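**Student:** Sequence:
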Amino acid sequence: MAEEDAKVSAEVVAAEKEINPPREYVIDEKTGKIKVYKRRWAVCLTIGLMYASWNMHTSRQVPIAPAYAKYFDIPNESFSSQGLGVDFMSVLDSIILLVAYFPGAYAIDRWGLKVTLVGGFAIMASSWIWLASGTNFAGVLVGRSLASCVGTTVSASILAVSNRWFPERERALATALISLLSLLGSGAALVLADMFALTDNEVVDTTLKSCDTSIFSASQLSELAVAAANDTYVDCLDDYADAKDSFCCYQPTDIRAFNVMMAVVPTVFFILMLLSVRDLPPTAPSAAGEPKDYTGLVRGTKMLFTNQRFAKLALSDFIVSGPVLVIYSSISRVFPAEISSYSFLASAAGIGLAIPTAIIAAYYMEKTKRFYTFAAGGYTLGTMFWIIATISYIADTTAGHWAFFTSIVFALMVFIAWQTAVYETKLEYVFSAHTSLEGLITGWDRAVINLSNLVFVSALAPEVVGSVDLTFIIGGIIMVIGCIPVLAIKDRFAYLRLAYDRSKTAGDDI
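Residue numbers for the sequence shown follow full-length UniProt numbering, so the first one is 1 and each next one is one higher.
Honestly, the hints are just simulated from the structure, not real lab data.
Keep in mind that this is a model prediction, so the values were computed, not measured.
Glycine included, each C-beta is placed from N, C-alpha and C at the ideal position.
It is possible that part of the hints are untrue.
[To be verified] In silico DSSO-like links for lysine-lysine, alpha-carbon gap of 27 Å or less: (1) LYS504 to LYS30; (2) LYS292 to LYS369; (3) LYS114 to LYS312; (4) LYS35 to LYS292; (5) LYS114 to LYS367; (6) LYS35 to LYS114; (7) LYS35 to LYS504; (8) LYS302 to LYS367; (9) LYS33 to LYS504; (10) LYS490 to LYS33; (11) LYS292 to LYS302; (12) LYS367 to LYS38; (13) LYS369 to LYS490; (14) LYS369 to LYS312; (15) LYS312 to LYS33; (16) LYS114 to LYS30; (17) LYS369 to LYS33; (18) LYS504 to LYS292; (19) LYS35 to LYS302; (20) LYS33 to LYS302; (21) LYS367 to LYS35; (22) LYS38 to LYS292; (23) LYS302 to LYS30; (24) LYS312 to LYS302.
[What the hints assert, rightly or not] Simulated restraints, written as ranges between beta carbons of each label pair: (25) TYR364 to ASP491: 15 to 25 Å; (26) LEU315 to THR373: 13 to 23 Å; (27) ALA311 to SER217: 54 to 64 Å; (28) THR199 to THR435: 51 to 61 Å; (29) LEU198 to ALA218: 24 to 34 Å; (30) ASP212 to CYS149: 32 to 42 Å; (31) THR267 to HIS434: 38 to 48 Å.
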């Protein structure tokens, strides 16, 4: 009886394998390399584009925060006894994401890349809600929050895409492409918003609740009153340059036209996702890319943070990212008044230079397998650019202003190369041959970044500490401290995923 049962069981297993054959890697007879599929690029690019549209969606308020503050008739501050400021959206978003990244990571590791379609639909729907809400604070808040609740399935898929669809020689490039597209989305919001501006420069408006009107003389107040009565503007320059530091300036913007564009973009990208995204290729692109068992959130998290190398990287992420996120969330308010109209140019230049930098860095990362070197270099370079920006800002000279501008451009330029290296290094450090961890690694990475955003934007924003100078000085000290954990990692070049690939594919061209 036992033998008969065993025979039946073996037949069932064989039948299941015939219907759903294991996705092991195979060698292409024509090329002699591990077989890969052209669809991998479509999967990578469409998920990356949807990630970009989500970042456009959530970043749109950054360049026009003062304009939103005026339309909402609430203060443009992190905190105020008078009500909630525009930055409240960013703070609430961080709280939502702290929770939402874990279901997103769970879904990616448990059900695969097909769940990114759910996230893509939510991002598209929330963009239309934002458009329909116009300048209604509650409606805009709901529109932004919906995307944050479900869009995490898209952002948590980065390593799953590169590890499950791409061969070893292309994994860093795939990670870089998605990360690059996500940055392009954030930067696009900064650049495109300027196209919808109704004035060339920021203008003074004493009706903003964030505005400290005590800085103006009687003659200035009279001039501003006359301008308001005639429906004209006074630029936030020259005699009114100090108005920016007192949060009395904003950029009049055609918000509706801007939001129409921001709704159309994710709609197009979602259609492309429907046509392109598949969970897995017919055969694995590498030994490390073969399907694995899923582990729970608790066990998976324990696997990550009991690994000291991963824990130190996560700690450096939290500390170093905080000050950078503060400046990003308030970039329209921290640029020196003399070059405030060039903030969009800094974003465009940095992002433009980030494209070749990220691709070249990804190529050499895979060629040299020095993932940690690139990651540690990113932390230290970012800190160096921050220190240069701080000194330049405090100098308050024309040369200093342009040195500040240049440091922002170079910081953006190296950001994606650094982020790619951090992602790849984390997976190399905690790789398991039996457990799927890609989604959880990305989910925890994003959760740590958003916790950093929540803490530092709430505590280090210029409005909170009292001046932009203090934000830069305190931020620089914090970033120097943040570099210590990553530089203290031991066995930094022991890569588990790479070793597994090499042991399983010995003799094969990977």
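**Student:** Below or equal to 27 Å on CA atoms is what counts here, so check LYS33 against LYS302.
**Tutor:** Distance ~36 Å between LYS33 and LYS302 Cα, so the pair is violated.
**Student:** Between LEU198 and ALA218, does the beta-carbon spacing fit 24 to 34 Å?
**Tutor:** For ALA218 against LEU198, whose Cβ atoms are near 29 Å apart, the range 24 to 34 Å holds.
**Student:** Just to be careful, I want the Cα atoms of LYS312 and LYS33 compared with a cutoff of 27 Å; is the pair within it?
**Tutor:** violated, 36 Å
**Student:** Straight-line Cα separation of LYS114 and LYS30 no greater than 27 Å?
**Tutor:** The given pair, whose Cα atoms are some 31 Å apart, is violated under the 27 Å limit.
**Student:** Does the structure keep LYS35 and LYS114 at a Cα separation of 27 Å or less?
**Tutor:** holds, 22 Å
**Student:** Take a look at whether the Cβ-Cβ distance between ASP212 and CYS149 falls inside 32 to 42 Å.
**Tutor:** holds, 37 Å
**Student:** Need the status of pair LYS35, LYS292: alpha-carbon distance at most 27 Å?
**Tutor:** Holds: LYS35 and LYS292 sit about 19 Å apart, inside 27 Å.
**Student:** CA of LYS504 to CA of LYS292, is that 27 Å or under?
**Tutor:** holds, 15 Å
**Student:** Starting from LYS369, check that the Cα of LYS33 is at most 27 Å away, please.
**Tutor:** Satisfied, since the Cα-Cα distance of roughly 19 Å is no more than 27 Å.
**Student:** For a C-alpha distance cap of 27 Å, please report whether LYS490 and LYS33 respect it.
**Tutor:** violated, 34 Å
**Student:** So if I understand the rule, the pair passes when the alpha-carbon distance is 27 Å or less; does LYS38 with LYS292 pass?
**Tutor:** holds, 23 Å
**Student:** Take a quick look at whether LYS35 and LYS302 sit within 27 Å of each other, Cα to Cα.
**Tutor:** Since the Cα atoms of LYS35 and LYS302 sit roughly 34 Å apart, the hinted pair is violated (cutoff 27 Å).
Of the numbered hints given earlier, the model fails hints 3, 5, 8, 10, 15, 16, 19, 20 and 23; all others are met.
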